[in-house]
Structure formats: C-alpha cells, structure tokens
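Okay, here's what each chain looks like letter by letter:
2 protein chains.
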Amino acid sequence: MDETVMLGHGSGGSMMKRIIDEVFFDAYGSDELREGNDAAVLPLDQNGGSLAFSTDSFVVTPHFFPGGDIGRLAVCGTVNDVATSGAVPQYLSCGFILEEGFPMDDLRRICTSMAEAAKEAGVKIVTGDTKVVNRGHGDGVFINTSGAGMVPPGVRLGGQFIQPGDKVLVSGTLGDHGITIMSCRESLSFTSPLESDAAPLNHLIADVLAAAPNVRCFRDPTRGGLASTLNELAEQAGVDITVEEADVPVKPAVQGACDMLGYDVLQVANEGKMVCVVAADQAEAALAAMRANPYGRDAALIGDVSAARADRGPKVMLRTALGSTRFLDMLVGEQLPRIC
Amino acid sequence: MDETVMLGHGSGGSMMKRIIDEVFFDAYGSDELREGNDAAVLPLDQNGGSLAFSTDSFVVTPHFFPGGDIGRLAVCGTVNDVATSGAVPQYLSCGFILEEGFPMDDLRRICTSMAEAAKEAGVKIVTGDTKVVNRGHGDGVFINTSGAGMVPPGVRLGGQFIQPGDKVLVSGTLGDHGITIMSCRESLSFTSPLESDAAPLNHLIADVLAAAPNVRCFRDPTRGGLASTLNELAEQAGVDITVEEADVPVKPAVQGACDMLGYDVLQVANEGKMVCVVAADQAEAALAAMRANPYGRDAALIGDVSAARADRGPKVMLRTALGSTRFLDMLVGEQLPRIC
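Heads up: the protein sequence lines correspond to chains A and B, in order. When we follow UniProt numbering, the leftmost residue of the first sequence carries the number 1, and every step to the right adds one. When we follow UniProt numbering, the leftmost residue of the second sequence carries the number 1, and every step to the right adds one.
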C-alpha cells in the first residue's frame with residue numbers, strides 16, 4: 001500500500017478501490033459497506049421497511065461552471081446515489097467546510113442553487129453543519145451531502161443481481177461534465193459550447209422502474225466514468241460486459257476535446273447520467289421510459305452481459321467501430337482531479 | 001451581513017447563528033432545519049415511524065490528542081447528535097476529504113479509532129465516500145459523518161418542549177475537550193494531565209430516558225460550550241434559565257487553565273457531555289441514572305428554568321459563588337478555532 005495519500009486515491013478508479021479495500025474495509029468493513037452499491041439499504045428496526053442511505057463530499061474546482069456549480073452537484077450527486085437503490089430520496093443533510101475569506105455572495109449563490117436542485121428533485125434539506133477552517137487550509141468551500149429515503153416494498157436493486165443475458169443502457173451522452181470542468185480550468189473554448197450535465201435523476205429512475213420492474217441495478221458513472229462503473233458492476237456480479245463503441249452516445253464537441261487532449265471519454269466523469277442494467281425482455285421498455293424523460297432523450301442501449309470466462313476473472317470489453325475487441329479497463333490513477 | 005466567511009462563523013456562537021439564519025435558512029430553510037435541534041426527526045412514508053438524521057463535519061487540529069483523535073470525535077459527535085432526539089443511533093456514513101500527502105498510517109489509525117468508537121456506541125458505518133484534494137488545499141484530513149436511527153414510538157424530545165419549572169442537568173465536568181486541544185496546540189503542560197472527554201453518550205441517554213421519561217431535551221454542549229447551548233435552548237423555548245455557578249462541575253486543572261488564559265469555561269467546547277432538561281419531579285431520577293453510567297459519574301443538577309420576563313427576551317443567567325447574578329451570553333466570535 002502507498003505510504004501517503006495521493007490524488008489518485010480519490011479518482012473513482014483502481015487506486016480508490018485499493019484505499020477502500022485496504023484501509024476503510026480493513027478497519028470497519030460492515031456487510032453493507034462491502035456490498036459496494038452507491039447507497040446502503042438498511043433494515044429499520046420497527047417495521048420491516050428499508051432505508052436507503054448515501055453520502056458524498058464535493059470538492060470540485062472551479063466552484064461555478066457552465067451547467068451548474070458545486071451546490072447543484074452536491075444535491076444531485078446524493079439524490080442520484082440514493083435513487084440508484086430504487087428508493088424515493090426524501091431528506092438531505094448538508095455539511096459545509098468553508099475557508100476563512102470565502103465570499104458570502106458566492107456562498108449565497110451556492111445555497112440558492114442547492115435549493116433549486118432540491119426543489120426539482122423533490123427532496124428537503126433537513127439538517128446541517130458549518131465548519132470554518134483558517135485561510136490556506138481549505139479551498140473556499142467543500143460540501144458534504146448525505147441522503148435518505150425509503151425503498152418501496154419489493155424493490156431490491158444492486159450490482160449483485162446482474163445476470164448473463166442482461167442489457168446495459170445509458171441515459172445520455174457521456175463525458176459532458178468532465179470535459180466542461182477541464183475546459184473551464186484550461187480556459188479552452190469550443191465552437192459548440194459545453195455544459196455540465198449535473199441533474200437529479202430520481203424521477204427518471206422512477207419512470208424506468210415503473211416501465212421495467214426487472215431492472216437489476218442503476219449506477220451513476222461519475223468519477224472514473226463509464227469504464228470504471230462497468231468494471232465495478234462486472235466484478236460485483238462476476239460477469240463479462242461487452243460494450244458496442246458505436247452505440248455509446250457522445251457529443252461531437254466532447255469527443256473532439258477528448259481526441260485533442262488524449263482522454264478516453266469512457267473514463268471521463270458524468271454528473272447527470274445513469275447506467276442501467278435490465279433483463280433483456282424489458283430493455284426496450286426501459287429505454288423508451290428513459291427517452292421520454294427530459295434527462296434521458298439521448299439514452300441508448302450500449303451493451304450486454306455474458307458469463308465470465310472460466311480462465312480469467314470478470315472483464316469489460318469494448319467492441320470498436322472497426323470490429324476489434326479490447327479490454328476496457330478501470331481508470332488507474334487520476335485523470336481530472338477534483339471533478340466533483 | 002459580513003462580506004466574507006470568518007472563523008467565527010464556525011464557532012457555535014452568535015456569528016454562526018447569523019450565517020445559518022441569513023444564508024442557509026434564507027435559501028433552503030425547511031421546517032425541520034429551522035426547528036434547530038441537533039438531529040432532524042422525520043416521518044417515513046410507509047409506516048408512521050420517525051427517522052432521526054444528523055450530520056457533522058470534523059476539522060479539528062491536531063488530529064491526535066490525549067483522550068482521542070479526529071476519528072473518535074467524528075463517530076461520537078454524530079452518535080450523540082442523533083441520540084439527543086431520543087433515537088437509537090444505528091447507521092453512520094463517513095465522508096473523507098483527504099489532502100494529497102497525508103500519511104497512510106495516520107489514516108489507518110484514525111479509521112481504527114472510528115471502528116472502536118462505533119463498536120462502543122453499537123452503530124455501523126454503512127456507506128462512505130473519499131475525496132482527495134491537492135496539496136495545500138486541505139489540512140490532512142477532514143471527516144463528515146451523518147447518522148440515522150429510529151425514534152421509539154411516543155418519544156419526542158426537543159428544546160421547544162422546555163417549560164418553566166424544569167431542571168437543568170449536565171452529565172459531567174465542563175471544558176475538558178477544549179482545554180485539552182488548546183494545551184496541545186500551545187504545548188502547555190499541567191501538573192494533572194488533561195484529556196478530551198470525547199465519548200459516545202447514546203447509552204447514557206437511553207439510561208436517563210428509561211429512568212425519567214419526562215425529559216424535555218438533550219443537547220451536547222460542543223462548540224460555544226454550555227453558555228451557547230443554554231442560550232439556544234432558552235431562545236427555542238422562550239424561557240429564562242438560571243445556572244448556579246458553584247454547582248457546575250469543572251476539573252481544577254481545567255479551571256486553572258481557563259483562569260490563566262482568560263477563557264470562560266462555560267464557553268469552552270465539550271465532546272462527551274450532555275445537557276439534559278427534565279421535569280422537576282424526575283430530576284433526581286435522571287441525575288441518578290446519569291451518575292450510574294460510566295460517562296456520567298460527575299453529573300450535576302446545575303440550574304432551573306423560569307418564565308421569561310415580559311420586558312425582555314429569554315435570557316440565561318449565572319448566579320455566581322458570591323451571590324450576584326449576571327447574564328451568561330452566547331459566545332460571539334471565535335474562541336478556539338477548529339476545536340472539533
């Protein structure tokens with residue numbers, strides 16, 4: 001194990017997996033934590049109901065960017081994580097770590113944005129905390145949100161339920177958030193302006209579940225992008241996943257930026273997209289429900305699940321436009337630090 | 001309103017109250033948030049049960065100190081906040097914001113400490129998140145914990161239920177945590193060594209509730225100390241509170257350090273103490289239950305509640321050992337930054 005914390009330990013890729021396995025699980029690895037879904041699903045003592053519970057901290061820089069800001073991300077990110085369990089997100093907590101000297105007007109703007117995103121998602125911010133660190137020991141504003149909601153009876157989603165034969169959908173174009181942040185930082189401009197996709201997807205998830213109850217799982221491809229998310233799912237379920245490159249929706253401007261800068265768009269972060277694995281016979285229904293939602297217009301069926309080969313572990317493969325197939329690996333180090 | 005964030009906005013005193021009122025409540029002040037208790041108590045859709053939900057971020061420096069570390073604080077602080085509602089704390093989330101270069105061994109030590117505190121409290125860490133910020137933009141480690149638990153049927157606690165005639169208890173000596181942190185920072189040493197009081201108090205709270213069901217509220221006097229906590233409660237209930245200075249338990253070494261350094265011990269932070277307001281006829285039962293718990297051996301009855309005078313707002317008063325009475329004000333600015 002590395003002797004110090006490195007940026008890659010927060011990347012969403014294999015270095016992060018290592019710090020989680022070797023430090024956090026080693027110290028306090030509960031079954032729920034080890035399950036590895038975005039929200040823990042927890043029995044509540046009295047009545048047999050299940051609580052979905054999730055947490056996320058946000059350290060994105062810059063704080064404001066086209067399509068959103070750190071406040072919108074903080075609400076949408078946790079709403080989406082709770083919703084992946086099939087739960088109805090109801091309540092959010094909000095913990096600020098502010099740096100001395102941060103402009104109060106920027107804080108107001110962030111809070112207003114959080115309020116708007118919460119309203120759109122239909123959740124309430126019900127509890128909070130504020131810490132201030134001395135100048136030079138923070139970076140303006142960090143936000144933690146945690147979220148809670150009840151899982152409807154009979155609903156149980158998670159990567160562990162994926163089976164060979166299932167289909168893989170994605171709710172829209174990939175890479176928009178990561179490339180927008182990167183272009184803000186580098187002051188790049190493109191002929192078609194880019195925007196972050198930050199959005200609350202709980203209503204989209206509810207629509208898909210209503211149309212296709214045999215969804216196995218949802219997962220939002222944030223840090224580490226689609227590649228890391230699919231590798232997590234393949235490992236969790238012990239299956240292979242094959243993605244058709246030509247079917248993956250990517251905006252031309254985003255693809256152009258990736259080509260120019262040497263990024264693999266499948267490893268770039270998204271903040272308003274959902275991966276959905278569903279039984280084959282309900283894949284079309286799920287896709288239609290996604291496309292009928294404003295945040296899912298560009299949804300696509302991008303791949304399918306098969307049994308893992310006996311001679312190696314579960315793998316994710318990409319069938320390229322040229323017809324060749326290559327392994328699609330999890331992000332290893334850090335591609336774009338502090339993307340969310 | 002101030003134009004930038006200042007350290008005092010995180011103090012637990014009146015500046016923090018201002019940023020909460022004028023920024024956070026203004027943007028997204030839900031009824032639950034405005035209620036002003038340490039944990040929100042929330043209806044869950046299906047079954048009439050109530051969820052207690054609370055969040056806290058920890059930025060204490062140094063990370064390790066006599067009696068505890070940032071990990072123990074992070075678990076105990078949130079367990080205690082959830083427990084103040086009368087709920088049984090069950091589940092914790094844990095969000096780390098790590099600075100690049102933080103020693104992995106220190107992180108392991110913190111996680112081990114969190115695991116021990118969680119075990120003692122009987123809670124599970126069920127969901128987590130890890131972010132890494134670049135060197136110079138954090139301070140080693142910040143931790144957010146959020147906590148959830150069910151409130152038993154019929155239990156409803158909160159500052160709003162305090163009535164004239166009630167009694168005020170505190171579960172032990174005051175100022176231990178704040179003065180320990182301060183003496184670490186300043187490398188002061190005392191003839192009697194000081195220790196932080198960081199401790200999970202959920203079992204103590206359960207013991208008190210079993211013995212004295214007419215408890216009105218619990219609140220832990222962390223940032224801003226007893227003075228700020230009592231002012232919050234007085235304002236929430238619209239009552240006066242009078243404290244007998246001679247009855248407030250303070251260790252001689254802590255009082256000595258306060259006298260030497262010019263701190264008011266009643267404004268110094270605690271991390272393992274609980275203020276309890278209880279109906280007068282159950283005050284002795286509550287006190288006995290506290291004293292029977294290992295974390296409540298020095299518990300004391302320190303004051304009582306009366307109707308607020310018509311000619312001014314609710315006030316907290318201190319009757320000194322000399323027999324005079326003075327107003328005991330909320331902490332205004334910042335006394336000891338980053339105490340938790």
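Take the hints with a grain of salt, since some may be wrong.
Put simply, identical chains are the same to the list, so a pair is met inside one copy or across any two.
Claimed, not checked - Think about it this way: if two alpha-carbon atoms lie no more than 27 Å apart in a straight line, the pair counts; the simulated DSSO-like pairs of lysine-lysine are: (1) K119 / K315; (2) K315 / K124; (3) K17 / K124; (4) K315 / K17.
Hints listed in this document are in silico derivations from the structure and should not be mistaken for laboratory results.
Right, here's what the structure says about each hint:
1. Taking the closest pair of Cα atoms, K119 and K315 never come within 27 Å of each other, the shortest separation being 40 Å inside a single copy and 37 Å across copies.
2. Taking identical chains as interchangeable, the C-alpha atoms of K315 and K124 are never at most 27 Å apart, the minima being 40 Å within one chain and 32 Å between chains.
3. For the homomeric pair K17 and K124, the shortest alpha-carbon distance between copies (20 Å) is at most 27 Å, but the shortest distance inside one copy (31 Å) is not.
4. In the homo-oligomer, the alpha carbons of K315 and K17 lie at most 27 Å apart inside one protomer (16 Å), although the nearest pairing across protomers, at 53 Å, exceeds that limit.
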